[in-house]
Each structure stands twice: as C-alpha cells, then as structure tokens.
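Residue numbers (the numbering used here), protein chains in the order written: chain P, 471 to 628; chain C, 17 to 127.
Treat each hint with caution, since some may be false.
[What the hints assert, rightly or not] Here chain C is said to cover these stretches of chain P; the calculated rule only asks that three of the stretch's residues, wherever they fall, bring their Cβ under 8 Å from a Cβ of chain C:
id, segment
1, 497-511
2, 517-531
3, 549-555
[To be verified] To be clear about the criterion: a stretch of chain C counts as covered by chain P if any three or more of its residues have a C-beta under 8 Å from a C-beta of chain P, and this derived list gives those stretches:
id, segment
4, 35-41
5, 69-77
6, 83-95
7, 105-113
The set of hints was computed from the structure by calculation and includes no laboratory data. All figures in this text were calculated on a predicted structure; none of them were measured in a lab. We treat Cβ as the ideally placed atom computed from N, Cα and C, and that holds for glycine.
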Amino acid sequence: MPDLPATQSTSSSRTAEMSLRLPARLESIDQIIDFITVAAQQAGLDEQGIYAVQLATDEACANVIEHAYVDMEPGEIVCSCAVVAGALTVTIRDFGRAFDPECIPDPDLEACLDDRPVGGLGLYFMRSVMDEVQVISAPGQGNVVILVKRGTQHGRGV
Amino acid sequence: MELTVKEYKHCDVIKVNGRINTQTAPELKAALEALMENGRYKFVLDLSEVEFISTAGLRVLMSAQKTCKQLSRGEVVLAGVPERVHEALDLAGFVSLFKIEETILDAVGNF
Numbered sequence: 471m472p473d474l475p476a477t478q479s480t481s482s483s484r485t486a487e488m489s490l491r492l493p494a495r496l497e498s499i500d501q502i503i504d505f506i507t508v509a510a511q512q513a514g515l516d517e518q519g520i521y522a523v524q525l526a527t528d529e530a531c532a533n534v535i536e537h538a539y540v541d542m543e544p545g546e547i548v549c550s551c552a553v554v555a556g557a558l559t560v561t562i563r564d565f566g567r568a569f570d571p572e573c574i575p576d577p578d579l580e581a582c583l584d585d586r587p588v589g590g591l592g593l594y595f596m597r598s599v600m601d602e603v604q605v606i607s608a609p610g611q612g613n614v615v616i617l618v619k620r621g622t623q624h625g626r627g628v
Numbered sequence: 017m018e019l020t021v022k023e024y025k026h027c028d029v030i031k032v033n034g035r036i037n038t039q040t041a042p043e044l045k046a047a048l049e050a051l052m053e054n055g056r057y058k059f060v061l062d063l064s065e066v067e068f069i070s071t072a073g074l075r076v077l078m079s080a081q082k083t084c085k086q087l088s089r090g091e092v093v094l095a096g097v098p099e100r101v102h103e104a105l106d107l108a109g110f111v112s113l114f115k116i117e118e119t120i121l122d123a124v125g126n127f
C-alpha cells in the first residue's frame with residue numbers, strides 16, 4: 471500500500487479516526503479504497519464486510535466524481551474512517567453540487583432490457599450492502615455520505 | 017484491471033482480470049466500444065478472474081448488451097462468473113438480462 475497523507479487521532483482507547491483528502495478524480499479511487507480497506511481490517515470486518523465497504527465507497531466516490539462536480543472545476547473528496555470495536559463508519563464528503571437522495575427513484579429490477587436505464591444503481595447498492603447509509607446535502611455546502619458496516623451479519627452481502 | 021481480447025470467427029472472447037470499479041470501468045467500456053465500432057457485436061466476457069465489480073462495471077455490461085442486442089445483431093454472454101460478481105448481478109436484477117454460462121466453451125457455443 472502506498473504512503474497515504476492520512477491523519478490519525480485517537481479520541482479514546484476504543485475509537486480511531488483517520489481521514490484522507492484527495493482530488494475528486496478517478497485516479498484517486500484506488501488510494502481511497504486502500505485506505506478504507508485497512509480501516510475495515512482494523513475494525514475486524516470479515517471478507518464479506520470488507521467487500522461491502524469497498525463497494526459502497528466506490529459508489530459514493532463515483533457519485534462525487536460523476537455528479538457532484540459535474541460541469542464545474544473538480545474539487546476534493548474527503549474520506550474519513552471511524553473504527554469502533556467491531557464497526558466501521560466511512561464518511562465521504564464533497565464540496566460540489568448538492569443532491570437530494572429522495573429524488574433518486576428505486577431501480578425497477580424487473581424491467582426488460584429496453585426499459586432499463588444504464589445507471590441509477592449506486593445508491594441502491596450502497597443501501598443494500600451497508601447497515602446504515604445517511605446522506606446529508608445542503609446547497610452550496612456539498613454532500614456528506616455516511617456509511618456504517620458492523621461486524622456481525624446485518625447488511626446483505628455482495 | 018487487465019483485458020485480453022481474442023477474436024474468433026463468430027465472436028470475441030474478452031477476459032477481464034482484477035477489479036472493475038469506477039476507476040477501471042472506462043477501460044472496459046472503451047475496449048468494447050472499439051470492437052463494436054468495427055462491427056463486432058457477439059461477445060463472451062470471461063469474468064472468472066474478476067475480484068470485484070461495482071455499478072460502474074455493471075453500467076458497461078448493460079450499455080454493451082443494449083447496443084449488441086439492437087437489430088438482433090449479437091449479445092454479451094457472461095462466463096465463469098465468480099460468486100461475488102454473481103451476487104452483484106443478482107442484486108442489480110441483471111441475471112435475467114444476460115446468458116450466464118459456466119465455461120468459456122459453453123458461452124462460445126451460443127454463437
């Protein structure tokens with residue numbers, strides 16, 4: 471794993487928080503995934519849990535790169551991980567265009583090929599594989615996506 | 017992610033190794049589009065060495081399937097699908113939209 475410009479602080483013996491700030495570009499994704507993978511391992515998640523966190527983080531970063539900063543100068547992604555015994559909280563923050571998750575319809579998984587849109591699965595995937603997904607958006611302030619994965623088998627695995 | 021394309025008379029077999037994520041999916045998309053621009057629409061995607069697929073990768077599969085199936089000129093058949101990739105296909109509701117074969121030979125036999 472490459473050296474990461476991460477900062478680490480320990481607020482108690484049970485909690486460790488680390489954050490990573492990178493340009494919102496495709497090239498940053500591998501570094502972010504390495505970062506959250508180490509955090510997921512530290513949280514003691516099993517392979518399925520680690521995979522779920524990787525998947526949800528990839529989706530959250532894709533939303534930032536492809537939507538939040540679209541038609542504007544790409545800004546930054548801030549990825550923070552909080553490890554509390556047996557659970558990992560990943561927070562993905564951007565400073566781009568706010569989006570309202572309520573405006574994103576659930577995908578129609580039964581539709582035939584012609585009626586399927588090519589996209590629209592990201593938020594659904596995040597919600598399916600994580601135990602908690604929270605989106606906080608405010609015009610002019612960007613978006614915060616909070617992803618929680620617990621060590622026990624709660625979310626659906628992929 | 018690494019791609020290997022083998023062109024046969026009736027179809028092309030594209031073997032994907034590694035992770036198909038938001039960062040790497042554009043490379044797979046470009047490879048498929050280059051083949052389609054040359055009039056190739058019958059694809060076997062060998063996913064046996066794929067460790068990870070996100071919705072960015074699923075979008076590439078969906079887009080290629082739509083283009084290939086237009087005018088019944090071809091399709092994308094998946095082969096050697098690992099369990100986690102299959103779970104992602106299932107979660108996305110893609111299992112009914114693609115033929116999924118156990119081996120490359122079975123997949124090639126569709127064309």
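Exercise. Any of the earlier hints contradicted here, and which numbers?
Worked result: Violated hints: 3, 6; rest satisfied.
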